[in-house]
Amino acid sequence: MKIIFSFFTVVLLVLLAFLGLKIANLYYLFGVIIPYAALAIFIIGFVYRVMKWASSPVPFRIPTTCGQQKSFPWIKQNKIENPSSTWGVIIRMLLEVLAFRSLFRNTKTESRDGKLSYGSDKWLWMAGLAFHWSFLVILIRHFRFFAADVPSVIHLIESLDSFLQIGVPLLYMTDIVLVAAVTFLFIRRVVIPQVNYISLIADYIPLFLILGIAISGILMRYLFKVHLVGVKNFAIGLINFNPVIPEGVGVIFYIHLFLISSLFAYFPFSKLMHAGGVFLSPTRNLANNSRMKRHVNPWDYPVKVHTYEEYEDDFREKMKNVGIPVEKE
Amino acid sequence: MATKLPKPDELSRIDYTPPKKCWMDTPAELKPGMYCWGAKAKNLNVVGFPNARDWSPAEEDWKLPKEWEGTVLEGIHDRLSKYRSFRLFMDVCVRCGACADKCHFYIGTGDPKNMPVLRAELLRSVYRKYFTVPGKLFGGLAGARELTTEVLKEWWYYFFQCTECRRCSVFCPYGIDTAEVTMMGRELLNLLGLNIDWIAGPVANCYKKGNHLGLEPHTIKSSMEFFLDDIDTLTGVKVEPTFNRKGAEILFVTPSVDLFADPGTYTAMGYLMLFHELGLDYTWSTYASEGGNFGVFTSNEMAKRLHYKIYAEAKRLGVKYIIGGECGHMWRLVNQYLDTWHGPADFMEEPVSPITGTKFENAKSTKMVHVIEFTADLIKNGKLKLDPTRNDHLNVTYHDSCNTARGMGLLDEPRYVLKNSCSNFHEMPENTIREQTFCCGSGTGLNASENMELRMRGGIPRANAVKHVHEKYGVNMLTNICAIDRATLKASMDYWVPDVSVAGVHELVGNALIMTGEKERTTDMRGEPLPGKEGDENETV
Ligand code: SF4
Ligand code: SF4
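Taken in order, these protein sequences are the chains called A and B.
First residue of the first sequence: 24, per the numbering used here; consecutive thereafter.
First residue of the second sequence: 10, per the numbering used here; consecutive thereafter.
Treat the hints with care, as some may be off.
[As the list claims (entries may be wrong)] BS3-like cross-link-like pairs, simulated, lysine-lysine; straight-line CA separation at most 25 Å:
#1 K294/A to K217/B
#2 K329/B to K373/B
#3 K217/B to K327/A
Because the hints were derived from the structure by calculation, they are not lab data.
Quantities reported herein were computed from a predicted structural model and do not represent experimental measurements.
Let the hints inform the model, and build the full structure from the sequences given.
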């Protein structure tokens, strides 16, 4: 149900773009207005969401400590997994964001004849990493459309990405990796009963959307061989706020563009915001130093307590009888 | 009253296939043996908790206050604006499922709502409905649902099937800590008087009498006298601790249950022997007679109210610093909350060991040193005479408490102390210790008797790992540094691995400790003959 719904939502988006162009000729809408609007929603929404999180304070220092604390010089502290300094935290966060450190720990619990075992399970980590990194490389590669003179870094990335030297135009590895990883992530959501059980529509939509973007992009490059100069003129026009509707780029380009716009507009409302959220996570981005340095809670307020005086009033005689010293005789 | 606990082989048959029906449309079925009795009005009234009433989870009518929905929603709103953790964790989960099989309750029950991700979704779905645009617009399609009595009951059932152990948070790529969500969930339930009595009772006791068990000052003193007699019989050494003594250098605070029930009492004896042998200038307090804090299982505010007495008593007595005993959640609170609540503790001095001169740099602001740190430093500096062979009848393993492992990182100090106090030590498998340690199954105030099936199920992963080293190396002693563990693991071992006993680390220290002027020991604290002394027993009796 959820899968079908999500799938058809994305199909509907494709149809919308197709019909909008083929029948209604809405080139300006799909080529200019929607991309601008989507980008605006993305930026404003993203910033808004992050600000919203940041507006809630961090009253307590609650890092999840995943290694030995700092205590004595002769006990080796795990400075990254249980950082006590800002540098430690920075490295911990870098590992988390760039290498998905926590996911790397993943195990699979298995029960055989009542015996439990926890084998290492790196598939999710691998697929997640492959997906995110190839997405990033593809994103960077796309900057060549936006720059009149393509910077040499982008050339470098392109040539690395296509070093297999297969096909004309050259096949990019990241295209394959991205599609494979997203497919894996989708299949795992379907076939692992537990993951299937927890999945929501909001988990399938991004997968189909990204798959749609990737497939339309690949079709454009390898099959329809869309007019590159046209695309480039169009992209440069867009970023210079001087949009031109290009000639001869075909409807597939607009479908690709519309799906990307949809992803951008959807982003701030969705779980994809984990991209911003990961940086704010108090269990990861705080040093475990609250015994060394006081952490202040901005909304701290006085509470009702039971004082020693009240306690002694309740028990004075009993205390005196057994020789426990008291304040008031 | 109590439902019959199934046999171990029956309990260990667990079905992990999730049901066909979507979890949102499956109301929780409250199974006897899996939940605790509702909090009684009299206990809630002691601390002035709202909506106190006697109620029973087993009954249809939970006597909810009027307009309870409003109270809950307002409560969510309030907490979203106070805790970044809560707001963030409501938003960023991608339901990747990495946390799913990391929870001991999921492993032990197979109930999908015990997967950390789904436990959080129980609350998240309501959050979406009332606090997010897609949830308001699209409802169920956006994973949102209304707050109904069924949902509330489901929260109650599953937020009291989470021991806030944070194991899930170790594996989550965004560090989402379902313990944090459970804490918020329990706070919300508490607004409606929906706590459990096994927590509410100790909270009331602790507030009025200074400790969970409600031990009054004279009782504390008399139970201690039993220990002193036992120590005298065992070693011939007369130990004379002081209570509420002004001008002592150090205040010692530890969980009260160690003064009361085996095997924790042996740990308490270990402390007494150690401090006596050192000639430490320290005092116990009958007012600050609890290091643990069941308040944190109700609300942050209550936790703060209960932990007040530790610094207050240190100030009144004029001590230089505090040593804290072996306890799990107490140390998460000392490490991550105490100073923030009640600091700055500038009326004390930065802790320095009077024996070794070591500065406890890592405790310079809270002024509170873990007794394991204190002892480890003594051993490292050669200040203790230990005879590990006295523990040769023990084959020891070590259970990291969730809180000291994942809320502090006290991992190698206890191992160092242990390895100097006994000769036979074996670690459990690596995915079950240190930061990946498994909960005893009964933390966060779930160590009642009416929910024994839940406890034994939640204890499966830990017990399984103990069984492994028991079979492989002949381990017969499970050590730990947590007062709740000492009580709960004992029950769990009796049920799952009956040949294994449970002890605090300082029990082993006490047994190994060679005291000045002691007579030759023939047994350990428990009266078990020491290795090589089995034959002597008849002569001495
Ligand atoms: S590991 Fe984290 S992101 Fe993944 S399902 Fe669990 S809580 Fe959500
Ligand atoms: S905190 Fe522990 S008990 Fe609670 S959901 Fe996470 S793993 Fe389970």
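Against the structure, the hints come out as follows:
| no. | hint | result |
| --- | --- | --- |
| 1 | K294/A to K217/B | violated (46 Å) |
| 2 | K329/B to K373/B | holds (12 Å) |
| 3 | K217/B to K327/A | holds (12 Å) |
Hint check: a violation occurs at hint 1 only; the rest are consistent with the structure.
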